[in-house]
Amino acid sequence: MELEALSFKYSGEERLALNNVSLRAKAGEYILLTGPSGCGKSTLARVLIGLIPHFYSGELNGKAIVAGYDIMRTPTYVLAKHVGLVFQDPENQLFLSNVEREIAFGLENIGLSAREIGRRVMKTMKELNIYHLKDKAPYELSGGQQQKVAIASVLAMEPEILILDEPTANLDPRSADEILGLIHSLVREKGILAILIEHRLELAAKYVSRIIIMNEGSIIADGDPRNVLLNPKANIIGVPNVVTLSRRMCETGIKLNKIPLTPHEFVSAVRSLVKNYERSYRS
Amino acid sequence: MREAIEVKDLYFSYNGEKFVLRGINMSVRKGEVVAIMGENGAGKTTLIKHFNGLLKPLKGYVRVLGKDTKEESVATLSRYVGMVFQNPDHQLFGETVEKEVEFALRNLGFEDDVVKRRVKWALKLMELDEYRDRSPYTLSVGEKKRLTIASVLAYDPEIIVMDEPTAGQDALQKEKIAEIGKLLKHRKKTVIIVTHDVEFVARRVDRVILMADGQVIAEGDKRDVLTDLELLDKARLIPPQIPHIAWLLNKEGLIDNYKVIHVDELVRILVNLMK
Numbered sequence: 000m001e002l003e004a005l006s007f008k009y010s011g012e013e014r015l016a017l018n019n020v021s022l023r024a025k026a027g028e029y030i031l032l033t034g035p036s037g038c039g040k041s042t043l044a045r046v047l048i049g050l051i052p053h054f055y056s057g058e059l060n061g062k063a064i065v066a067g068y069d070i071m072r073t074p075t076y077v078l079a080k081h082v083g084l085v086f087q088d089p090e091n092q093l094f095l096s097n098v099e100r101e102i103a104f105g106l107e108n109i110g111l112s113a114r115e116i117g118r119r120v121m122k123t124m125k126e127l128n129i130y131h132l133k134d135k136a137p138y139e140l141s142g143g144q145q146q147k148v149a150i151a152s153v154l155a156m157e158p159e160i161l162i163l164d165e166p167t168a169n170l171d172p173r174s175a176d177e178i179l180g181l182i183h184s185l186v187r188e189k190g191i192l193a194i195l196i197e198h199r200l201e202l203a204a205k206y207v208s209r210i211i212i213m214n215e216g217s218i219i220a221d222g223d224p225r226n227v228l229l230n231p232k233a234n235i236i237g238v239p240n241v242v243t244l245s246r247r248m249c250e251t252g253i254k255l256n257k258i259p260l261t262p263h264e265f266v267s268a269v270r271s272l273v274k275n276y277e278r279s280y281r282s
Numbered sequence: 000m001r002e003a004i005e006v007k008d009l010y011f012s013y014n015g016e017k018f019v020l021r022g023i024n025m026s027v028r029k030g031e032v033v034a035i036m037g038e039n040g041a042g043k044t045t046l047i048k049h050f051n052g053l054l055k056p057l058k059g060y061v062r063v064l065g066k067d068t069k070e071e072s073v074a075t076l077s078r079y080v081g082m083v084f085q086n087p088d089h090q091l092f093g094e095t096v097e098k099e100v101e102f103a104l105r106n107l108g109f110e111d112d113v114v115k116r117r118v119k120w121a122l123k124l125m126e127l128d129e130y131r132d133r134s135p136y137t138l139s140v141g142e143k144k145r146l147t148i149a150s151v152l153a154y155d156p157e158i159i160v161m162d163e164p165t166a167g168q169d170a171l172q173k174e175k176i177a178e179i180g181k182l183l184k185h186r187k188k189t190v191i192i193v194t195h196d197v198e199f200v201a202r203r204v205d206r207v208i209l210m211a212d213g214q215v216i217a218e219g220d221k222r223d224v225l226t227d228l229e230l231l232d233k234a235r236l237i238p239p240q241i242p243h244i245a246w247l248l249n250k251e252g253l254i255d256n257y258k259v260i261h262v263d264e265l266v267r268i269l270v271n272l273m274k
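In order, the protein sequences belong to chains C and H. Numbering of the first sequence is given in numbering that gives the first Met the number 0, commencing with residue 0 and proceeding in unit increments. Numbering of the second sequence is given in numbering that gives the first Met the number 0, commencing with residue 0 and proceeding in unit increments.
Source of the hints: derived by calculation from the structure; they are not laboratory data. Each hint should be verified, as a subset may be incorrect.
[Said to hold, decoys possible] When the alpha-carbon atoms are kept at most 27 Å apart in a straight line, the in silico DSSO-like pairs for lysine-lysine are as follows: (1) H:K17 to C:K135; (2) C:K133 to H:K69; (3) H:K55 to H:K69.
Keep in mind the model is a prediction, meaning the values are calculated, not measured.
Based on the provided sequences and hints, a complete structural model is requested.
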């Protein structure tokens, strides 16, 4: 994926929704895209799947190459085979009578053979561990299960890029954690590029390989999760408490060897510090 | 009377077979900010629908400001209990943002100038005044949520119940919702927040009611409930990070006190440890 000096303004609005966004990402990355409401992250997602410029009217400038296709010149039905989108509310995405048919729907639409459809549906259900749900209607499922089915129906298309727009906002923390972890293993196993839009950093930070923060249409921080969260600019997104704690420790002169992203990482950092202190005390 | 809400031995079933609430006992005192927590399906939303009489107990009773909800209409109870539901799409129907907020006020028969003043106040409070003339359906999820909160605050009920107010909100808006909670507490309102946002609860409420499987499994000061990791595990909640760290450090024998919920407290403890 390659974006260069990308700007977009919705028609009828004065403000740029995207303001000079440049960004490169490659297969195997799991990127957390975050920022305050209205910062442009959903607009960016719309560009990446071609809804902008093809379905939203407005003024798009710059360059956007996604999965090797120039967004400006590629119809969305072509992009749809390469870029998958999972929405916040699976209820809006699921509409068929059972899980198996739901997952097959996109595949039928791109005209695959019945055999290939059967193979992909089976494979995806097994990968996501939802085979036992195959005959259930989406409304019979819990929110977490529904979201897994929505992800399955997108993954079955075998996209190179997966975009998830707040996929866990309506789930309880454990189901959310499970989904975010599932995406982590999908990225590793399949070598796809995943872009996750999410507000809850305390859940997401530990899984991702990179964090991008947007504000007012521009990227204001981009990099390794630990470095980005230490950046004062990250304050607008609500830094997880474990990072705040480490920063505060640092201010009092106690430096941890690595910025922790989870309680367990924090405790092991403290453990090694305590050991060092004891060692230096003895000698 | 100190109780805003009193629930005694409440049983409820949607289909007459499977009970989704099984013997709930709990109460909320006037002026308290309380969180009801538990995983999806624990029965939280079913419980709060009893507070304004949308659902009536099959067994047991629910009293709101001393009134048995079985003997009151939803309309009467709604004067005292303002509900902000989880999915704003189920609640919004006004033509414009302004009309949405006016609706309850007009229904309750307030005078025109009062309606105008209250609408203005509520929209400003929730930072929605610039959207006054827009259709609620054109707003983002977060903005819609704030609009439902504005509609309830505008008519000034005694008890405000919010179902997952922080879901999908960014850090700034969460802070805003927390400020609203503070403001309401200051005005002696009773606030009940249904949520699984443990970090929000750790900082912002007084007391926690923990539900699992249609029952209340714990009720107490947030410092006791949120630092009991076995209890949180039973409710299938992920512990807040600070109590989690304190619990782990305590298990390793590094610190004695594990009932820690704020960053500042833990910094102090750790600085002492390293001295």
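Given the hinted pair H:K17 and C:K135, is their Cα-Cα distance within 27 Å? holds, 20 Å
Straight-line alpha-carbon gap H:K55 to H:K69, limit 27 Å: Holds, at about 6 Å.
Holds or violated: C:K133 and H:K69, Cα atoms, limit 27 Å. Roughly 42 Å between the alpha carbons, so the hint for C:K133 and H:K69 is violated.
In summary, the one numbered hint that this structure violates is 2.
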